[in-house]
Amino acid sequence: MSDLVSAALTIAAKDIRIEWRTRTAVISALVFAILVLSILYVARDATAVPALALAPSALWVTFSFAAMIGLNRAFLTENELGAMDAIRLSGVSPSALFLGKFGSNLAFVGAVEGFGIPIFVLFYDVPIGVHLPALLLVTVMTTVAFVSVGTLLSAMVVQTRFAEVMLPVLLLPFLIPPVVAAVHLTAVLLGGRPLSAGLGWLKLLAAFDVAFVTLSTLLFEATLSE
Amino acid sequence: MSPDNGAYMIAGYVVTAVVVGGYALWLVLRLRRLR
Amino acid sequence: MMTRAEALRLASRATVVVAICVVGVAAIFVRALVFTPIERAQGPAQKIFYVHVPSAWVALMAFSITGLLSIGYLWLKDRRLDTAAAASAEVGVVFSVILLITGPIWGKAVWGTWWQWEARLTSTLFLFLLFVGYLLLRGTIIDHDMRARFSAVIGILGMVLVPFIHMTVYLFRTIHPQPVVLKPSGPTLPGSMLITLLSSFGVFTVLYLAMVTARYALATLEDLKERELHHVA
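Chains A, B and C, in that order, are what the protein sequence lines are. Reminder that position 48 of the first sequence reads as 48 in my numbering, one-by-one numbering, no gaps. Reminder that position 34 of the second sequence reads as 34 in my numbering, one-by-one numbering, no gaps. Reminder that position 129 of the third sequence reads as 129 in my numbering, one-by-one numbering, no gaps.
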């Protein structure tokens, strides 16, 4: 068990270190997120749609798309360098490899969200204050949801010819339950109500996380070519 | 008195017929080519 | 894998059954359109029910079977399971198209709008898009082994996704007609309508099986031909 964890952490650390050197991807994703938030704010009929009403959807659409940008790159370096074989040969278990990638992708998306949320609060004039911990919880749970399936899918599509287009096409149906739940929960919190008001959605999100993190870890081995 | 929406009914059945018939035909034609 | 002769024999038998079922579907049409009473509140458009609901059943069954066959493939590594899974997915997509077009037509007639983001239509739409994605993915992969493995992953993920999509949309209010047939207290459809519906279910199910078999035979013949070409080359 500790082998699994330490191998996963090593892999995650390696990826984070590589990304940290240039930071290009994460900054680009963040800029992208800011742009999408802005466009969604501006491209509406302000007399018909108050910013606060749009806010939850805007936040989660933005984060989903930014996450997909990050995920598209997840296995790119390995694929380009043929490094996958080297990693396999080193005896790392597929589960450890998956969890490591999952971890570094979480860090990437988390970084975008970490800067994105304050900007969101600023742009949409959102009364967040008291409910920030709850919002962070919802954010973490939702991010785990889409990064788990996204990591698995990106491992596959990077080996095909149409990776950039196939990832969103395959991933978006899986984003429906977590994103819809996140939007509802965010709306609950922004409306000043406690998290318990959205209990059904919270349970859905938790169940989704458990099911898909487990499933993705188990299925990852099938994406590796002998 | 029932609403007069027979046209929708016809449309629905036509679509079903076209899709079922079309796919069946496609299967038959493709199989024929490989005979 | 089957020999060419076996595949051809399977194909012939399957196409015969498909043809019989197409006639069966025509018979259902006649029964539904001419010999089944018109529902008073909704009018003749309600009769779309007799093709819409069985299509929904077939689509759901098709995608579930794809999921199960996908598990089977990853477990047993028998390529035929992948071929069958893909065949089922394709037929599922075909019936989803019927479902997604007849649904709005019926909706427009009865609700006044072409689309409602409610429970069942929305779930079906996403499932449809997922399985179109499944078929598209298969199209981008040349290596048969990779294609089978990746398809299996999507098939299984899709199968697990279905209940979550249902739950998501259930947590919304729905205006979709409440189930009239599969209620615990028993069906509330009047006799003649129930018979039409059940017959339609029967014909559509057999049609699904025949189409999947024919599609499977077609895929097998195409694989055999591809092998032939590689050996010659």
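Since the hints were derived computationally from the structure, they do not count as laboratory data. In this text the structure is predicted, and so the values were computed from the model without any measurement. Here a beta-carbon is modelled for each residue, glycine too, at the ideal position from N, C-alpha and C. Any given hint could turn out to be false.
Claimed, not checked - Derived list of chain B stretches under chain C, where covered just means 3 residues or more per stretch with a C-beta under 8 Å from a C-beta of chain C:
id	region
1	8–17
2	20–33
Unchecked claim - Residues on chain C that point at chain B, a partial pick, calculated with CB under 10 Å:
id	residue
3	Cys21
4	Ala27
5	Ile71
6	Leu74
7	Leu76
8	Arg80
9	Ile105
10	Val110
11	Thr113
12	Gly191
13	Ala217
14	Leu221
What the hints assert, rightly or not - Here are a few chain C residues that sit away from chain A, every Cβ distance over 12 Å (derived from the structure):
id	residue
15	Thr122
16	Val153
17	Leu194
Consistency of the hints with the structure:
1. 8–17: Three-residue rule met by the region 8–17 of chain B, so holds; n is 8.
2. 20–33: With 8 residues closer than 8 Å to chain C, the region 20–33 of chain B meets the three-residue bar; holds.
3. Cys21: Because about 8 Å separates C:Cys21 from the closest Cβ in chain B, which is inside the 10 Å limit, the hint holds.
4. Ala27: Violated: closest Cβ of chain B sits about 12 Å from C:Ala27, beyond 10 Å.
5. Ile71: violated (26 Å)
6. Leu74: Status violated, d = 28 Å.
7. Leu76: violated (27 Å)
8. Arg80: violated (18 Å)
9. Ile105: holds (5 Å)
10. Val110: holds (8 Å)
11. Thr113: violated (13 Å)
12. Gly191: Hint violated; C:Gly191 Cβ to chain B Cβ min 19 Å, cut 10 Å.
13. Ala217: Where the cut-off is 10 Å and the nearest Cβ of chain B is about 7 Å from C:Ala217, the hint holds.
14. Leu221: With Cβ-Cβ at 4 Å, under 10 Å, it holds.
15. Thr122: violated (9 Å)
16. Val153: Violated, because the least Cβ-Cβ distance between C:Val153 and chain A comes to about 5 Å, which does not exceed 12 Å.
17. Leu194: The assertion about C:Leu194 holds, with a minimum of 34 Å to chain A.
In this structure, the hints that do not hold are numbers 4, 5, 6, 7, 8, 11, 12, 15, 16, in rising order.
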